[in-house]
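Peer 1: Protein chains in written order, with my numbering: chain R, 6 to 99; chain E, 69 to 566; chain C, 52 to 175; chain B, 212 to 442.
Hints were generated in silico from the structure; no laboratory data involved. All clues stand as given, with none of them false.
With a cut-off of at most 27 angstroms between alpha-carbon atoms, the simulated DSS-like pairs for lysine-lysine come out as follows:
| # | chain 1 | residue 1 | chain 2 | residue 2 |
| --- | --- | --- | --- | --- |
| 1 | C | Lys171 | E | Lys422 |
| 2 | E | Lys502 | E | Lys432 |
| 3 | E | Lys266 | B | Lys243 |
| 4 | C | Lys171 | E | Lys423 |
| 5 | R | Lys30 | B | Lys214 |
| 6 | C | Lys82 | B | Lys214 |
| 7 | C | Lys110 | B | Lys253 |
| 8 | E | Lys420 | C | Lys171 |
| 9 | E | Lys420 | E | Lys510 |
| 10 | E | Lys266 | C | Lys110 |
| 11 | B | Lys213 | R | Lys30 |
| 12 | R | Lys30 | C | Lys171 |
| 13 | B | Lys214 | C | Lys171 |
| 14 | B | Lys213 | C | Lys82 |
All values reported here derive from a predicted model rather than from experimental measurement.
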Amino acid sequence: MTYIILIFFLLVLMVGAAIYSIVQKDLLYAVIATGVISLILSAIFLLLQAPDVALTEAAIGVALTTIIFIITIRNTVRHEDDFKDRNDLKSAIK
Amino acid sequence: MVGSPVLLIAIPLLAAFLIPLIGMIWKESVRLIPGLVLAFMLVSSASMLLYVTNNSTIIETIAGWQAPWGINLVFSPLTGFLATLMIFLGFIVWLFSYRFKRNVDFEPAKKYFIFLMMLVAGAVGIVITGDIFNQFVFIEITSISAYALTAFYTGRNSAEASFKYLLMGSLSSSALLIAIAIIYSQLGTLNMADIADKMYLMPTGYKITALIFFFMGIGIEAEIFPLNGWAPDAYTEAPGPIGAAFAGIVVKAGVYAMIRLVFTLFDIPNSMQFLVVIGLVTLIVAETSAIKQDKLKRMLAYSSIGQMGLVFVAFGIGTAEGVFAALFLMLNHAIIKPLLFLSGSYLVFNSKEKKISEVNGLGKHMPITSLLFALGAFAIVGLPPFSGFWSKLSVLTAAANEGMILIIALVLIVSVVEIVYYFRVVNRIYFFEKSDNVVVQKPRINAMIAMLILGSIILVIGFDPDIVSIYLHKASHDLMNTREYIDNVLSIGQSLTK
Amino acid sequence: MNNELYEILRYGILGGSILLILIGLYAALTKRSLIKIIIGLSIVDGGIHLLLIGIGYVKNGTAPIFSPGFENSTANMVDPVPQALVLTAIVIGFAVTAVALSLVIRLYRHHNTLEIDEIKNLKW
Amino acid sequence: MKKLIVILLLAVTGYFMVISFMDLGKDGPVVKNGVKDFYLDKTVSELKVANTITSIVVNFRGFDTLGEVTVLFLAATALGGILYKKRHHVGERSVLFPSSTIVKAGSKLLFPAIILLGVYVFVHGHLSPGGGFQGGTIIATGFLLMLLAYDNFSVSHKVLSYIESFAGIFFVLFGLSGMFMGKTFLENFMPVGNLNDLFSGGIIPIIYILVGFKVAAELTGLIYTVLNEKE
Numbered sequence: 006m007t008y009i010i011l012i013f014f015l016l017v018l019m020v021g022a023a024i025y026s027i028v029q030k031d032l033l034y035a036v037i038a039t040g041v042i043s044l045i046l047s048a049i050f051l052l053l054q055a056p057d058v059a060l061t062e063a064a065i066g067v068a069l070t071t072i073i074f075i076i077t078i079r080n081t082v083r084h085e086d087d088f089k090d091r092n093d094l095k096s097a098i099k
Numbered sequence: 069m070v071g072s073p074v075l076l077i078a079i080p081l082l083a084a085f086l087i088p089l090i091g092m093i094w095k096e097s098v099r100l101i102p103g104l105v106l107a108f109m110l111v112s113s114a115s116m117l118l119y120v121t122n123n124s125t126i127i128e129t130i131a132g133w134q135a136p137w138g139i140n141l142v143f144s145p146l147t148g149f150l151a152t153l154m155i156f157l158g159f160i161v162w163l164f165s166y167r168f169k170r171n172v173d174f175e176p177a178k179k180y181f182i183f184l185m186m187l188v189a190g191a192v193g194i195v196i197t198g199d200i201f202n203q204f205v206f207i208e209i210t211s212i213s214a215y216a217l218t219a220f221y222t223g224r225n226s227a228e229a230s231f232k233y234l235l236m237g238s239l240s241s242s243a244l245l246i247a248i249a250i251i252y253s254q255l256g257t258l259n260m261a262d263i264a265d266k267m268y269l270m271p272t273g274y275k276i277t278a279l280i281f282f283f284m285g286i287g288i289e290a291e292i293f294p295l296n297g298w299a300p301d302a303y304t305e306a307p308g309p310i311g312a313a314f315a316g317i318v319v320k321a322g323v324y325a326m327i328r329l330v331f332t333l334f335d336i337p338n339s340m341q342f343l344v345v346i347g348l349v350t351l352i353v354a355e356t357s358a359i360k361q362d363k364l365k366r367m368l369a370y371s372s373i374g375q376m377g378l379v380f381v382a383f384g385i386g387t388a389e390g391v392f393a394a395l396f397l398m399l400n401h402a403i404i405k406p407l408l409f410l411s412g413s414y415l416v417f418n419s420k421e422k423k424i425s426e427v428n429g430l431g432k433h434m435p436i437t438s439l440l441f442a443l444g445a446f447a448i449v450g451l452p453p454f455s456g457f458w459s460k461l462s463v464l465t466a467a468a469n470e471g472m473i474l475i476i477a478l479v480l481i482v483s484v485v486e487i488v489y490y491f492r493v494v495n496r497i498y499f500f501e502k503s504d505n506v507v508v509q510k511p512r513i514n515a516m517i518a519m520l521i522l523g524s525i526i527l528v529i530g531f532d533p534d535i536v537s538i539y540l541h542k543a544s545h546d547l548m549n550t551r552e553y554i555d556n557v558l559s560i561g562q563s564l565t566k
Numbered sequence: 052m053n054n055e056l057y058e059i060l061r062y063g064i065l066g067g068s069i070l071l072i073l074i075g076l077y078a079a080l081t082k083r084s085l086i087k088i089i090i091g092l093s094i095v096d097g098g099i100h101l102l103l104i105g106i107g108y109v110k111n112g113t114a115p116i117f118s119p120g121f122e123n124s125t126a127n128m129v130d131p132v133p134q135a136l137v138l139t140a141i142v143i144g145f146a147v148t149a150v151a152l153s154l155v156i157r158l159y160r161h162h163n164t165l166e167i168d169e170i171k172n173l174k175w
Numbered sequence: 212m213k214k215l216i217v218i219l220l221l222a223v224t225g226y227f228m229v230i231s232f233m234d235l236g237k238d239g240p241v242v243k244n245g246v247k248d249f250y251l252d253k254t255v256s257e258l259k260v261a262n263t264i265t266s267i268v269v270n271f272r273g274f275d276t277l278g279e280v281t282v283l284f285l286a287a288t289a290l291g292g293i294l295y296k297k298r299h300h301v302g303e304r305s306v307l308f309p310s311s312t313i314v315k316a317g318s319k320l321l322f323p324a325i326i327l328l329g330v331y332v333f334v335h336g337h338l339s340p341g342g343g344f345q346g347g348t349i350i351a352t353g354f355l356l357m358l359l360a361y362d363n364f365s366v367s368h369k370v371l372s373y374i375e376s377f378a379g380i381f382f383v384l385f386g387l388s389g390m391f392m393g394k395t396f397l398e399n400f401m402p403v404g405n406l407n408d409l410f411s412g413g414i415i416p417i418i419y420i421l422v423g424f425k426v427a428a429e430l431t432g433l434i435y436t437v438l439n440e441k442e
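One chain only, chain R, in its complex shape (with noise of 0.2 angstroms):
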């Protein structure tokens, strides 16, 4: 049973996540919630019974992607309706 609402309660967090991080305007935070949904999935998997996805996921989802996406954000722009700000994120991280 525990199980069970463990389960449950990862996928309604994971799906807000989903939610998020396509309604949020600025693009690191949008990405930071693609990396969560990451690591929720791959507790999903491991509960489901599939270690190796999980590790897999938990590798590739959380850590490369997300950081490749950060690495695209700080090279183009950081809001999603912005043009030409780039030195933005630079400035957010001193």
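Given chain R, put chains E, C and B in place with the hints provided.
Peer 2: This is chains E, C and B only, laid out in the frame that chain R set:
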């Protein structure tokens, strides 16, 4: 055993991994090795094709596990014919693009030839594999090579065309995965023959849904109507020879994958009419678009889409004659359209806009190239002494035998449209005055040889279509006999696992 | 876990994965920013992976890995095939995403924007 | 307007997807005995591999894996081609995150541990969860950590391309050597040993280790190429 189908895949992969290493020592090797590999593949594939035409189908298993459990490669008259055709075109494109542009750096040149080789290997994999998920992997290999080749030039449009292609390709590969999920969840297998064997168990609703998802997944490579938005841009913005490779190799692989689904895997009664409808819509939309284009390669791209529509109509007739006609059309299209693309890319070599108006009067300055372009144009619209005539004739007779008057009428009307826009270009080449700011580019000797080979094949098939019709008849027989395919693949499975 | 709970779990996973696919498709089809489109595509990929894993799940399943002493306990193992397919699909999806993002960087170099409406030299 | 059309389209797609998977929970698939049982059976009895997923990925469907590492290789190559500029500055990377001393020291501490974990995961791929892909990606995340923490940390492109080429070549050669021994491509030709031993499963662990090296090199190179991209 004359050869092994797995070498058609393994050798190019081996070469692709080797090229970066050898390229560090000997720079010319990055251009030569892919050619040698393609030549090896051509010889091996052609000898296997000769074998399977007279003997039985070659079925090779991977990792020693027989049909439903392991992945198997099927080299039948149909798949062998298509694989040989695609490898031959790959070789021609390699020969043509060997030092196509002089000022290309070492790194881009290396990548170009690796991708060209992998494009051919992926397309061959799509055709000869007997497993739907393996086919998905090969589709991805082909698509990634195609995206990279489309973005080869550093201009802004090529990146955009490639991005557009990638978006559609990525959506369609998702659809393909969903289709595979439906099939696996119901039938518990991924092998094509096993799926075909068990397909009657599946409820019709599931079948239709799965087939629609499959069409969304593969239609992008086969350029069927709503999914071909990428094609004109990719053909226009990719390097000249790559347009030929797309028309001759990628599209053929996509058509094969769809046809295999409709004829072998799914036994939905009305799917043939569905093919006819898709084909007719694609044909009409593409040909009406082609007549409006003012860029040469864009026009050729729309014409290519239109021809694929015609191929689907011919397959949709559903008889052995129709399949024969469709395969003949595919063969002709795979020879003629690359010739048009290759000679066309020299006609507009130095121009930025690649407009049709820029070919004015080139007939006097580039006589052989222009003649070859004209030959291709005459052949593709179906004028009598050339090869295109026989394939269009066989479509018409196949349709007439089934009493499909509408198809005959449409094919004839479309031929007239094709005549209009192709002759417009030929007319400009020969009867207009050349403007002064157009710089003529003489083709290199290897490019000339490549184009002359294609041109002579058009003439040979045109004067004696019987030399290919034996292979085509075998291939169409192979496609129509679903039961034989299933038995061929599965029977060795039962005998060897015990 | 009894049958009813198992069915609920199955529908939950199915619904969750399909919702994820639809949300991703919505983003990919309507958003104007190129990066948002690619985010949408990677969400679709995630949904499909969950769908495939969900197909392979069985009631009270255990991971398809044999531990010493339990070599014959295949009865409750989940289906390993979809897991193998998902492994392949994840890596391929990542490769395609990387190529897409590099194209985005190049498009930005030429156009200085990521708005899809502004990047329309070719007909869309 | 466009959004409405898209939503309608999605509703139709969603409906079809729901109905095509819904019956699975109630009635199960129409074919009850798929290929699954064969795999589970043969993995233990013939291949002597504990992890069924490893045996499927490397042996039963090994051709997919070969195609997949090719896809990765092509993507890494394509990335270099798409971002290619005539004069590109290797080595002077712009700083993504200016990292503090703690981050630097911590990364230095974690890096060997991550690499060790990755190596452990792919060496034991046939015994426990994990394998070439997983281990390779874990190693790549280790390199990613170092690249992010240290501005001047660099990976030799030449070494990476040696590793990925040699791993790929040996993968194909292992497959082909099965053929030369009168068996089929990628078929096991080595003694399989005992279940749950480190040296078991014939060529499966060897191939998975090669895959691990290749995936690690490929992904590290990919990240490094993108990270070196400057506006």
